[in-house]
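Here the protein sequences line up with chains E and S, keeping their order.
Read left to right, the first sequence gives residues 1 to 118 (this note's numbering).
Read left to right, the second sequence gives residues 1001 to 1118 (this note's numbering).
The set of hints was computed from the structure by calculation and includes no laboratory data.
Among these hints, one or two may not hold up.
Stated by the list, open to error - What follows is a list of derived Cβ distance ranges for each label pair:
1. E:E73 x S:S1077: 21 to 29 angstroms
2. S:E1060 x E:H8: 22 to 30 angstroms
3. S:T1091 x E:Y45: 20 to 28 angstroms
4. E:D10 x S:P1110: 20 to 28 angstroms
5. S:I1101 x E:A109: 22 to 30 angstroms
Note that the Cβ used here is the ideal one computed from N, Cα and C, for glycine as well.
Protein chains: 2
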Amino acid sequence: MTDTADQHEDRADAMFHALADRTRRDILRRVLAGEHSVSALAASYDMTFAAVQKHVAVLERAGLVTKRRSGREALASGDVEAVRSVGSMLTELETVWRGRIARIDDLIAPPPPTERNQ
Amino acid sequence: MTDTADQHEDRADAMFHALADRTRRDILRRVLAGEHSVSALAASYDMTFAAVQKHVAVLERAGLVTKRRSGREALASGDVEAVRSVGSMLTELETVWRGRIARIDDLIAPPPPTERNQ
DNA sequence: CAAACGTACAACCATATGGTTGTAGGTTGT
DNA sequence: ACAACCTACAACCATATGGTTGTACGTTTG
């Protein structure tokens, strides 16, 4: 259980880290809109091909982007499901917050005594 | 316009970076559930007070956490609105993706010729 | 076949990051 | 007043990160 939880945290680390760079977010936007070869992407930025290639690799390791081979070029595509899974991590955080509110409400109007606390 | 866009990207960088660390996500969960002093938070982790204090500072700079002073302690609180604003950045990405789908639909059933392309 | 293209990856460099220890100042309790 | 507590921040260190150049290899084209 701690095992799978760690994996989940590893994925979260990788995804948020991948998103924490404006160039990578821009690349992600482009490949969500449609397939692009790495060199086509590289042409859009003021940095070397190798740098862009690394950014795509980071997005790929995070699962936000998938690549397929077509002849000599590698076509990158954005994975919406992965983006949504990041969204649900945030939703989970909001749920924790709602718990706080619920607890504050309890102070104002305590729930019916279903169970004695202590 | 590029000016405000840059600020937006700066905020996105800071927020995603703040979230890209499991300790910081855990701290955020706790302070979303309720106020905690920095030393109370520090007691939960196997690292020095200074390290935790830095993590809280990162979350604070990103706007995900606010602090208020109460006597000698600093009470940290999670900001749900900030968490939601990260969520809307992701929603924006999903919107880009829907554009891709719309375009694919166009190939199958082209829209009425309102304007000539080229 | 040769040249050009697209990709991948290693090696390297400057800076950023996450941790440590140490120091200092404001607050609380005796 | 004094000790203990909480916070803040500087200085330092090892490692990670984002960029570079260079090399190698498969694919397309002339």
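*Taking 20 to 28 angstroms as the hint, is the beta-carbon distance of D10 of chain E and P1110 of chain S inside that range?*
Violated: the Cβ-Cβ distance is about 45 angstroms, outside 20 to 28 angstroms.
*asked:* A range of 22 to 30 angstroms was offered for this pair. Does it hold for the Cβ distance of I1101 of chain S and A109 of chain E?
replied: Once the Cβ atoms are compared, 46 angstroms apart, the range 22 to 30 angstroms for A109 of chain E and I1101 of chain S is violated.
*asked:* Just to be sure I understand the hint, the distance between the Cβ atoms of T1091 of chain S and Y45 of chain E should be within 20 to 28 angstroms; is that true here?
replied: For Y45 of chain E against T1091 of chain S, whose Cβ atoms are near 25 angstroms apart, the range 20 to 28 angstroms holds.
*Could you check the hint for me, namely that E73 of chain E and S1077 of chain S are 21 to 29 angstroms apart, CB to CB?*
violated, 50 angstroms
_Against the range 22 to 30 angstroms, how does the distance between the Cβ atoms of E1060 of chain S and H8 of chain E compare: consistent or not?_
This hint holds: roughly 26 angstroms between Cβ atoms.
The structure shown violates the earlier hints numbered 1, 4 and 5.
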